[in-house]
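> With chain L's structure known, arrange chains A and P on it following the hints.
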Amino acid sequence: MTTTLAERTAAARPPAPATSDPVLQVSGVTLRFGGLVSLCEVDLTVRRGEIHAVIGPNGAGKTSLFNSLTGAYAPQEGQVLLRTDAGTEHSLLGRKPHHVNRLGVARTFQNIRLFSALTALENVKVAAESGTRSGPLGIMLGLPRAKAEERAAEGTARRLLALVGLDDRAEERADSLSYGDQRRLEIARALATGPRLLLLDEPAAGTNPTEKRELAALIRRINHELGISVLLIEHDMPLVTSVADRVTVLNFGKVIASGPPSEVQRDPAVVEAYLGTSDTDSRQGRTR
Amino acid sequence: MSTLNDTSAVTAVQVAHLPVSTASTASTASTASTASTVSFRPARPSAEALAALRGHRWYERPRWRRLCALTAVGVLLAVMTGEQGSGADLLFSLRTTFTGTALWAWIAAAVALWAIAEFGAVPRRAVASGARAAAAPLARIRPALDSSPRLRVALVVAGLAAAVLLPLLFDRSTNQVLVDWVGIYVLLALGLNVVIGWAGLLDLGFVAFFAIGSYSTAFWSGQLPVKPPFELNPFLSIPVAMVTCLLAGILLGAPTLRLRGDYLAIVTLGFHEIIYLIAKNAESVTGGSLGVFGIPHFSVDLGPLQYRWGLDPLDYLWLLIGLITVLVLLFRKLVRSKIGRTWEAIREDEVAAAAHGVDTVKYKLMAFAIGASTSGVAGAVYASKVGFINPENFPLLYSVLVLAYVIFGGMGSIPGVLLGAALLAYLPHGLKDVVDQKDRFMYLGALLVVMMIYRPQGLLPARRRRRTVRTREAS
Amino acid sequence: MTLLEFRDYLVPGLALGALYSVIAIGYTLVYGVLKLINFAHSEVFMLGGFGALIVLTEVAPGHPSGLVSVLLVLLGLVVSGLVGAGTAFGLEKVAYRPLRKRNAPALIFLISAIGASFFLYNLAGKLFGRDPKAMPALFDNGVLFHVLGAPVDVVKLLLIVAALAMIVGLDLLVRRTKLGSAIRAVAQDPEAAGLMGVDIDRIVSRTFVIGGVLGGIAGFLFGLNSQVSFTMGFIPGITAFAAAVLGGIGNLRGAMLGGMLLGLVETYNVPLFGEEWRYVAAFAVLVLVLMFRPTGILGAKLGRTA
Chain L
1 MTTTLAERTA AARPPAPATS DPVLQVSGVT LRFGGLVSLC EVDLTVRRGE
51 IHAVIGPNGA GKTSLFNSLT GAYAPQEGQV LLRTDAGTEH SLLGRKPHHV
101 NRLGVARTFQ NIRLFSALTA LENVKVAAES GTRSGPLGIM LGLPRAKAEE
151 RAAEGTARRL LALVGLDDRA EERADSLSYG DQRRLEIARA LATGPRLLLL
201 DEPAAGTNPT EKRELAALIR RINHELGISV LLIEHDMPLV TSVADRVTVL
251 NFGKVIASGP PSEVQRDPAV VEAYLGTSDT DSRQGRTR
Chain A
1 MSTLNDTSAV TAVQVAHLPV STASTASTAS TASTASTVSF RPARPSAEAL
51 AALRGHRWYE RPRWRRLCAL TAVGVLLAVM TGEQGSGADL LFSLRTTFTG
101 TALWAWIAAA VALWAIAEFG AVPRRAVASG ARAAAAPLAR IRPALDSSPR
151 LRVALVVAGL AAAVLLPLLF DRSTNQVLVD WVGIYVLLAL GLNVVIGWAG
201 LLDLGFVAFF AIGSYSTAFW SGQLPVKPPF ELNPFLSIPV AMVTCLLAGI
251 LLGAPTLRLR GDYLAIVTLG FHEIIYLIAK NAESVTGGSL GVFGIPHFSV
301 DLGPLQYRWG LDPLDYLWLL IGLITVLVLL FRKLVRSKIG RTWEAIREDE
351 VAAAAHGVDT VKYKLMAFAI GASTSGVAGA VYASKVGFIN PENFPLLYSV
401 LVLAYVIFGG MGSIPGVLLG AALLAYLPHG LKDVVDQKDR FMYLGALLVV
451 MMIYRPQGLL PARRRRRTVR TREAS
Chain P
1 MTLLEFRDYL VPGLALGALY SVIAIGYTLV YGVLKLINFA HSEVFMLGGF
51 GALIVLTEVA PGHPSGLVSV LLVLLGLVVS GLVGAGTAFG LEKVAYRPLR
101 KRNAPALIFL ISAIGASFFL YNLAGKLFGR DPKAMPALFD NGVLFHVLGA
151 PVDVVKLLLI VAALAMIVGL DLLVRRTKLG SAIRAVAQDP EAAGLMGVDI
201 DRIVSRTFVI GGVLGGIAGF LFGLNSQVSF TMGFIPGITA FAAAVLGGIG
251 NLRGAMLGGM LLGLVETYNV PLFGEEWRYV AAFAVLVLVL MFRPTGILGA
301 KLGRTA
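These protein sequences, in sequence, are chains L, A and P. Each residue of the first sequence is one higher than the one before, counting from 1 in full-length UniProt numbering. Each residue of the second sequence is one higher than the one before, counting from 1 in full-length UniProt numbering. Each residue of the third sequence is one higher than the one before, counting from 1 in full-length UniProt numbering.
If a hint is listed, it holds; no wrong ones were tucked in.
Capping the alpha-carbon separation at 30 Å, the derived lysine-lysine pairs in DSBU-like fashion look like this: (1) Lys96(L) <-> Lys147(L); (2) Lys333(A) <-> Lys147(L); (3) Lys438(A) <-> Lys93(P); (4) Lys133(P) <-> Lys438(A); (5) Lys280(A) <-> Lys438(A); (6) Lys133(P) <-> Lys280(A); (7) Lys362(A) <-> Lys35(P); (8) Lys93(P) <-> Lys35(P); (9) Lys133(P) <-> Lys432(A); (10) Lys96(L) <-> Lys35(P); (11) Lys362(A) <-> Lys147(L).
Bear in mind the hints are in silico, worked out from the structure with no lab data behind them. Computed from a predicted structure; not experimentally measured.
Chain L with its partners taken away, still in its complex shape (with noise of 0.2 Å):
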């Protein structure tokens, strides 16, 4: 994983374009907790190489659909496929979150989870050689497999802390990081597990309008030069639209609406859905 990463960045491939072959695959995914239907039926397609974002008022089950693909929660029914650049089909469901990283799909979380005590680089690190097979023997005894993996692992570090603008905090613990430093972060640990499918998770709550422009040229850069496709949550609408090639809209669990962000802002439904009855609803549908 981490060598196929490399190779990307070192190589900067040309910008991949938004192409229709899907990359990941969501179909007919409904997730209960007791009574509660928390996704119903939700239908997603990403299509390898673009930016898809998801959208929809607060507990419309953004964060559920991110669990359910990522291992975290067992969906009752539907299917989600996961396929390689070779065409391999992958289903999702029911694998262990450390497997479906394994894969290819990374996350970052909507409450920042780094590992705080450790520093910025270790926490890199701890995600580039998660997939390195080098065992306790071998570190023990200093076998060279052991030691270039290592040193495999640093240099990737490195480099993604560098590509997100941290490479002067290295040292530093992850909690005394800045809140808009920790978001980028939890990016560079995500792709250091070297991801084909990125899913972002509010990447931008909590950080000022310098920092969101950055982050969305970050996210464009991710996309553009390492090839690697990606899913975003998130309620900052201007940077839904500069950054998202498509967007799919939930609401109650249900996708009410999918298409290019101009498309989806105009549709009765969605409008309905963020403005919808209340007056306060409809501001934090927009302010978000």
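Frame of chain L; chains A and P shown alone:
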């Protein structure tokens, strides 16, 4: 760097305490305001003043509560250090304590301590500055060590040389203690440190693996009622015991490590008890409570290289020092590698670790198995050294004993664990004329609680934990 | 095992099960509000036994009978309940509260609990002697009546009745009273309960006290049934914990069910495999349950699922 923070934190605390002590003697408002002008800190009413404002009764105010607590501690200490109870008269111990003079001495000491802490500004300051002066060189040691690798190496070499050479000066019975109790238990603590200090798993059945290692050695030397297919050179039984315990650790850990931490604690406790009961009751396999006799000493017989470990404890002590040194070097490498980082990541946030491709169960199992096999090595050495084992060598108490050693020294810190285990393991023998052996576990239990309340990071905290604990406590 | 053996072991099994139920409730209650296993609960049980033993040894006449017996039993219940409550209260105050204030990680709590448990039981061993002691005779323990031809003596009947009374009382307390609903609220969501004006510290402390009363009385009853010693808490403690997990930790009715089941399993283990393997059953059940169904038979209910 870190100690700089430490001392500044200490002075900050003292500054914060200053108005508290003076506020009650003078009027609250004026002292609070002078304190704020002197130290440029926002005026904060003292705890006493706050309690007064809230209308607490006098006995509910912090100062008197502290007196009550200290007196209670004094009484408790009097009870703890009192006479041994007798079988015939249930209240014998309590009655002698409460009618004796020692009780009043303890209470007087508690009250005196309280009075000095509350009212005696001069002696308190003298003690504080004296303690600071005494601690200053100590405080400088750690950063000096942290910054200079050469100093660290020199210290380690000196320590090792002392450990190897000093026993030559001791008498035989001291050396027996150093092997049977100190060396073996340092080895065990080193293994448990992997499990609890690095992987953060509470294993309360650690000594069960020690037992498995010992019994496996007994088995391969042909001394158990069940005979092995062929007898092994006792020296080879070390790796065999290691592998046996590794497998046992995996068998126990694989299904249970998915569970919450407190479940693991109780399952390992149960596991220890089952192993103990098997050793005791399955007479046709383990020899039952009579135990196993005649486990041979180690010997090496490789052409020109011949050596036979005998009755002299020194041989075994040096062997143990060698084993501990090798293990420390290996473990140090391990904890600084991806495995150590991943363990720490799992301790910090298991969900996030799994989401980044870490097979958390595998890593926990790894720690569990490494710990178990270390315990197995200790078991093999122990069995061969003493030549005679029975179930009473492996009671549940000893699992908690090792746990206390690790925690006292500092979870996750190799120097801490070595020092803590050596110190605590030797203590009962050093104090055997002063303190009743049977009270040992009582003091250990109290030590665990006190450590958890006041210094969970241990005597010599791990470098990372020093940071973690400080920032967490501060926030 | 013959049918006759089955019959003879039924009443002792039920009595032991009732006892385990009562102890298991103590674990489950504390787990409900704090989400941690109170390892030192077995010492609450042990000290309850000693409290009753000491007081009853002082007061009991040689051969009590009639009303005196009833009063002595009541005295034993009250004393052991008080001692248990006091121990649990002190335990919470000293070993848990400082850690809770600091928001310490679960590992620290567990170690503190184990330390407290060790301290208490070795202290008891030191103070009261290390050999087991029998409770003084409180009544003429004859056979009262027969169930299907199996004799039922006074101790067994007392055990079952007292345990049932406590279980029913606790169930009412948790379901019907204000304190009960506060306990349930804290178990479900401490943060929200705190915001709604529940004094969490007080509720936690009272939960410990309730569990302590039950544990202490169980210690007295256990002492009547066998003996009192400083190590007596260990096996019942682990077994009752296993019972709480078996029924679904945090679930009161589960704890009762689990306690009954394990009491029967342990008792029938004796005719099946022999006395020396008596206690292996509890550990084996515990390990198996945790492996295959960690949420227990009835699932966790008092709070959120672990």
